[in-house]
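Asker: Sequence:
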Amino acid sequence: MDLTEVTHCLLLSLADCCRVQHFREIYPDSAFNKSIINNVTVDEEDQCQLRCYLQTDCKSYNLGPLSQQGKRVCELSSSRYESHVSHLVSRPGFIYRPSENLCKSACPENKNCCPRGEGFSCVCFDSGFQGEGCDEDVDECSEGTHNCDARNAMCQNTVGSFICTWSSNQVPYGDKCAGFPFHWALDGMDSLLTLRGSAGFVKQNNRMVLYLDGTGVNFAETPAIPLRQTDLTIAVWIKLVSPLTLDSVQTIYSDWSRPWQFRFFIMDRGCPVFQARRDVNGIEDIFALVVTSDHRVSRDVWSHVAVTWSRMHGLVQIFINGQMKASRNVDSHLLLDFKNSGHSVYDIGLKRDSSTTTHAYLSDLMVFNRDLSEIEIRNNLFQSNPLHSYISVVSPANSL
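In UniProt numbering, the protein residues as written are 1 to 400.
These aren't lab readings, by the way, just hints derived from the structure by calculation. Just so we're clear, the structure is a prediction, and the values are computed from it rather than from any experiment. A portion of the hints provided could be inaccurate.
Stated by the list, open to error - In silico lysine to aspartate or glutamate, EDC-like type, Cα no more than 20 Å apart, as pairs: (1) Lys351 x Asp268; (2) Lys325 x Glu374; (3) Lys351 x Asp294; (4) Lys71 x Asp57; (5) Lys203 x Asp187; (6) Lys34 x Glu82; (7) Lys71 x Asp29; (8) Lys351 x Glu284; (9) Lys351 x Asp135; (10) Lys71 x Asp46; (11) Lys34 x Glu100; (12) Lys71 x Glu100; (13) Lys203 x Asp300; (14) Lys71 x Glu45; (15) Lys325 x Glu284; (16) Lys203 x Asp190; (17) Lys325 x Asp268; (18) Lys325 x Asp294; (19) Lys203 x Asp213; (20) Lys71 x Glu44; (21) Lys351 x Asp231; (22) Lys351 x Glu143.
Working from the sequences, and respecting the hints, build out all of it.
Answerer: Given below as structure tokens:
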């Protein structure tokens with residue numbers, strides 16, 4: 001009587017119940033036109049049957065004739081013809097195959113039959129609901145059936161489901177979240193990094209690093225991290241490749257397209273710059289700190305560059321190879337919030353408003369929500385890194 005029995009364990013709803021289906025004899029030249037929930041293309045009937053099994057509210061299916069392309073139409077239904085006899089209609093070339101109701105009495109249309117030894121239970125299709133009419137919300141948060149990050153996220157119940165919420169200084173990814181300090185090793189193993197164009201990872205000086213070739217639109221993206229209203233340190237190892245010329249721009253990390261929030265970049269023959277816009281109407285810099293030509297970054301050698309920003313002291317500083325090379329005080333009585341761009345990503349190696357890309361190797365991009373001291377930058381980020389063995393000598397006499 002049965003065509004086949006599918007006995008893989010597919011948990012139904014929140015109940016400890018495996019989905020079992022017995023498919024019955026076919027009804028040739030017929031189709032059931034009630035409660036069609038999915039329409040897919042398959043090569044053979046076994047695939048249609050598997051689709052029905054995997055879709056937990058499927059109870060029967062129609063299978064169309066073989067097309068000229070060797071495919072068949074598979075229509076899944078959440079009902080059976082016994083409950084709606086008038087909806088079993090003539091359709092030449094099709095077959096209709098219902099599954100057997102394994103419960104002693106029929107479950108409601110919105111529930112699945114769940115055999116339990118000699119008994120059975122009817123389980124709601126949608127795991128977010130329960131009750132006789134499957135209209136009572138399940139509170140996954142209070143019942144502990146959610147998958148939110150236990151350490152960093154909070155579960156918030158919604159009707160039929162739940163959402164994971166994070167604090168304002170964290171960034172979500174999947175069902176987890178990340179917060180300060182952010183560290184992108186740029187070695188091909190980062191979870192919060194997206195490569196664009198031909199950006200990729202190569203081996204340099206015995207480690208994998210990010211390589212941007214300076215052509216096309218080849219760069220990397222991170223999620224927009226919450227740095228607008230906090231103290232700040234941005235640090236990275238960089239090895240510039242292209243010749244450094246007057247007015248050249250090699251962007252390190254930025255959110256630099258309208259309305260322009262911030263950018264950390266190297267310009268004019270190796271001078272690091274950090275620029276940030278105030279969160280007011282129009283265009284107004286909070287600061288634009290530039291390292292003078294007496295202290296600059298060379299090409300074809302590794303250099304460590306960092307910028308710190310203290311809101312309390314209104315102080316921005318730039319460091320090269322663990323040494324402070326430029327600083328500036330701003331009026332801390334003015335609004336110090338960075339511009340709210342509303343952008344969802346920040347860029348590594350891209351000046352987005354002009355599509356200007358960077359030609360460089362980069363490693364260990366780090367962002368802190370505090371202004372690290374010179375000693376911390378020198379000891380923890382600069383001297384302790386293996387790339388310290390390949391640094392440049394920062395002087396105006398460097399070969400550019």
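Asker: Can you give the numbers of the hints that this structure goes against, from lowest to highest?
Answerer: Hints 3, 4, 9, 12, 15, 21 and 22 are the ones this structure does not satisfy, whereas the remaining hints hold.
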